[in-house]
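Novice: One letter stands for each residue in the lines below.
There are 4 protein chains.
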Amino acid sequence: MPENGYVTPDTDRIRVFITGGTFDKEYDEINGKLYFKDSHLPEMLALGRCHLELEVRTLMMIDSLDMTDADRNIIVEQCRNAPEKRILVTHGTDTMTDTAVKLATTVPDKTIILTGAMVPYKFGSSDGLFNLGSALAFAQTLAPGVYIAMNGRYFVAGRVRKNRQTGRFEEVRD
Amino acid sequence: MPENGYVTPDTDRIRVFITGGTFDKEYDEINGKLYFKDSHLPEMLALGRCHLELEVRTLMMIDSLDMTDADRNIIVEQCRNAPEKRILVTHGTDTMTDTAVKLATTVPDKTIILTGAMVPYKFGSSDGLFNLGSALAFAQTLAPGVYIAMNGRYFVAGRVRKNRQTGRFEEVRD
Amino acid sequence: MPENGYVTPDTDRIRVFITGGTFDKEYDEINGKLYFKDSHLPEMLALGRCHLELEVRTLMMIDSLDMTDADRNIIVEQCRNAPEKRILVTHGTDTMTDTAVKLATTVPDKTIILTGAMVPYKFGSSDGLFNLGSALAFAQTLAPGVYIAMNGRYFVAGRVRKNRQTGRFEEVRD
Amino acid sequence: MPENGYVTPDTDRIRVFITGGTFDKEYDEINGKLYFKDSHLPEMLALGRCHLELEVRTLMMIDSLDMTDADRNIIVEQCRNAPEKRILVTHGTDTMTDTAVKLATTVPDKTIILTGAMVPYKFGSSDGLFNLGSALAFAQTLAPGVYIAMNGRYFVAGRVRKNRQTGRFEEVRD
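Protein chains in written order, with the working numbering: chain A, 172 to 345; chain B, 172 to 345; chain C, 172 to 345; chain D, 172 to 345.
This is chain A alone, in the form it adopts within the complex:
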């Protein structure tokens, strides 16, 4: 029972899987390159004064261009085995649509939201905090299915592409 003494019907616990992506890239001041250290997700949730019941796990910390089939299988297995019905996956934007399609064909009956960022959270101009807020809201409200949350919107897996010229996600029709 939550601390305020009331049962809160909308707080089915949400599982959060971290996989890396631009979201979590850091600047290495010794060699001048971007790299992964720890996830910024806990810091971002604290900044958002987020009081959802979350269960956060880091599955990998990689650029999504480097994501292999084996990596995607791990994500699928973890989503399938998680006891929660609502799942958020943080993910690099470059192959986010591929992972979404794979999840859509392998994990039924759960609401799975993939989100990421165009600019690292630690860069002042990052969209990460905005995307995280919207993704967690979509995770609470959308029907079972796999979705991408970017640009303030949600897109159904298999019907979305990242426009590589503009950096925007766009709906595609069959």
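Simulated from the structure, these hints should not be mistaken for lab results. Owing to the predicted nature of the structure, the values given are computational and were not obtained by experimental measurement. Warning: the hint list may mix true and false statements.
Put simply, identical chains are the same to the list, so a pair is met inside one copy or across any two.
Said to hold, decoys possible - The calculated DSSO-like cross-link candidates involving lysine-lysine, where the alpha carbons are at most 27 Å apart (straight line), are: (1) K281 <-> K333; (2) K333 <-> K273; (3) K333 <-> K204; (4) K273 <-> K256; (5) K333 <-> K208.
Go by the hints and put chains B, C and D onto chain A.
Specialist: Coordinates of chains B, C and D only, in the frame set by chain A:
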């Protein structure tokens, strides 16, 4: 029709009403006080790479502790008259629950989300961008009704209070 | 002896006295007011990758408009008694020139730099980090005397005023 | 004559030459790489409420690892030909010491300060603003010579190296 050539079913235009609140407070470096100048909403939407179809209007720029019945009537009228079915209201957190109750009893058949921030957007530690992301997502997905979006969650008008000790919004039961 | 094994002639230790001021104001998210908690100076020095030998002491944490003669006497005594010949005082900008004059008439033979900020460090738009960098540089290079470091410049105590319309410090002649 | 009606003896105009370096690196959200666009120097000077009389010129926008002899010759010529006696050069940290030595042997009778940043200004954790403040202060106060301003300190050209393990600048003896 949107620029990608497809009709996007989830982009019923959203109306956004700005009323001020901590969200939009600025620091006046001449007198050392917090004050209102222009809204930061456009800047925040740009930062979030938000590509929702929005219609933004500033109704007032005030601290919600200074909000009068007349001010609330303006918000009610504007929500009632807006052609959009989905509305976001940015609002100071101190009396946000009062405005929510008033809207719930006067504006039926629309999804109205109120959100704000505990810390001004221009302060590094602001929850504003996170809240804006979640509020816009809730505006797209929740059934008609009036809700408050704070702390990553949504609360039904009339069943929520701001805990003045912790600064958190909490659900209340009858 | 410093860690690189060489005696560094320009690192006469600098004493830093913290007295509060806009520099260190925080936003209290419970009551919406600005207040003092801990100084941000250690965080700012870390951000600046500052490797000067500093001895930092907090004397008070107050708005300089509230600074009394007794408070100024404490600053004078501390500057007089410090073993270091070079001193930095962080101070609210409103009465910084008064404290500078008092120090100039009571503490001879030391280089004392007063600095502050027009906007709290925690606000994104703060001049604090820039001012701290310049003040520490002036502390290392100026001859004994009392100076104010603001707007990228240094001003001799007794020959400077804060322009209350523009917020800028300006030189004044006799 | 400055706007306050008084001649300010410490405002010999300072020449600022921009050459690029980490200071000015941006994140390209389309390809995920760091790159150069425009210099952030004007924005940083505005943030610092800097009211020094400066003459700013961009000579190049490059990573200092890519700086050739021809590039260094341009910097030397520009420093030699500038009418100002006090010069600030923003520069990548990797070969900053090389350029400093070259300037020390070719441009006598001027105070030349080189500075840069370990982390891009646009990253929240940048030392850039602190370094800029200290470099401009050193430019106003040090005797003719060539210096590097980093880590809150100044180092004489030819007697300083960048420690590639720690990222710190250290004094070296003959």
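Novice: Does the structure break any of the earlier hints, and which numbers would those be?
Specialist: Per hint list: zero violations.
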